[in-house]
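Engineer: Sequence:
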Amino acid sequence: SCCLLQVIRPEPCGVCGSRIRFGKTAIKCCQCQLLLHTKCREHCPNPCAPRPRHHAWPREGVLADFAPSTRPLVPLLVVQCVTEVETRGLTETGLYRVPGAEQLVQEWKRRLLRAGGVLPALSSVTDIHVVCGVLKDFLRGLKEPLVTFSLHPAFLSAAGEQRSQGGAWGKKRLPLIVISNATTDILDDAACDTALRHVVSKLPPANRDTLAFLMLHLLKVSCSPDCKMDVLNLSRVFGPTLVGHSSANPTPLTIMEDTPRQCKVVARLLSLPPDFWRGFVETEQENLVLT
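Everything in the sequence shown is counted per my numbering, starting at 8 for the first residue and increasing by one.
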């Protein structure tokens, strides 16, 4: 819910960044405390998230440390970056592949983390690739990836990878089946999808909701002809970021071996129907929109 109020002290609009002048009427979200011009209401980030108990977020932590207390459990930084990208970035070639200026990425990430639940407007960031960089760097900087260390092997297995007796990973094959006297060795996509759905449901709630929110976003990016970022390209970019490794300190050999597997997991996740992901982030509509 939101309320109308008269501005006594000029403050910047949380959507457009312009100052709301003294005496003007403004809108304030009762849930996330966002203040905005009445004319900017329709451009308000969606979903909005409740303001964290502490004003500043930790410099590092697991995803749950940055998540709101009510569903969907998606950190406001992630929501704001995604909203900004979808507002003005879906016509940019190489979205998430083309890097933004590293200095600006780090500067904006620090500003957003210091701000906690009251985030500065990203509309003032000229280069949308910087916003993409902030999102990727935030996810990379977590103490544990969205695919948790404990569930990492289960995600690889569900995506069609399994560890052989020698310890290496290879393509997972279903048992041999006989059809019309012909033995066919197949990799069952339907079985992989079922297994993936099951293992996604085992993620911690904040990881699960955020993964769902990001999958829906990346599907939009993959459908944009201007971006030229199909599922394969996006899985290469986000595989190491979202899937990571099974421990915080992988060996160089593990890093090399994990790279194609990480991409495969993300590609498989993006192949799941959007309605599956919407089930996690649209279950409580009153927490998703500013009304």
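Derived from the structure by calculation, the hints contain no laboratory data. Computed from a prediction, not measured in an experiment: that's the story for all the values here. Please note that a few of the clues may not be correct.
Listed next, with one range per pair, are the computed distances between beta-carbon atoms [unchecked claim]:
#, residue 1, residue 2, range
1, F29, K227, 20 to 28 Å
2, G148, E18, 39 to 47 Å
3, L239, L11, 33 to 41 Å
4, F29, T77, 50 to 58 Å
5, R147, P212, 29 to 37 Å
6, P106, K150, 22 to 30 Å
7, A255, L97, 30 to 38 Å
8, K35, T100, 25 to 33 Å
9, P259, C230, 30 to 38 Å
10, P106, G30, 38 to 46 Å
C-beta atoms are modelled at their ideal positions from N, C-alpha and C, and glycine is treated no differently.
Engineer: Now tell me, hint by hint, if it's right for this structure.
Structural biologist: Hints and how they fare:
no.: 1; hint: F29 / K227: 20 to 28 Å; result: violated, 39 Å
no.: 2; hint: G148 / E18: 39 to 47 Å; result: violated, 29 Å
no.: 3; hint: L239 / L11: 33 to 41 Å; result: violated, 48 Å
no.: 4; hint: F29 / T77: 50 to 58 Å; result: violated, 33 Å
no.: 5; hint: R147 / P212: 29 to 37 Å; result: violated, 21 Å
no.: 6; hint: P106 / K150: 22 to 30 Å; result: holds, 24 Å
no.: 7; hint: A255 / L97: 30 to 38 Å; result: holds, 34 Å
no.: 8; hint: K35 / T100: 25 to 33 Å; result: violated, 38 Å
no.: 9; hint: P259 / C230: 30 to 38 Å; result: holds, 36 Å
no.: 10; hint: P106 / G30: 38 to 46 Å; result: holds, 44 Å
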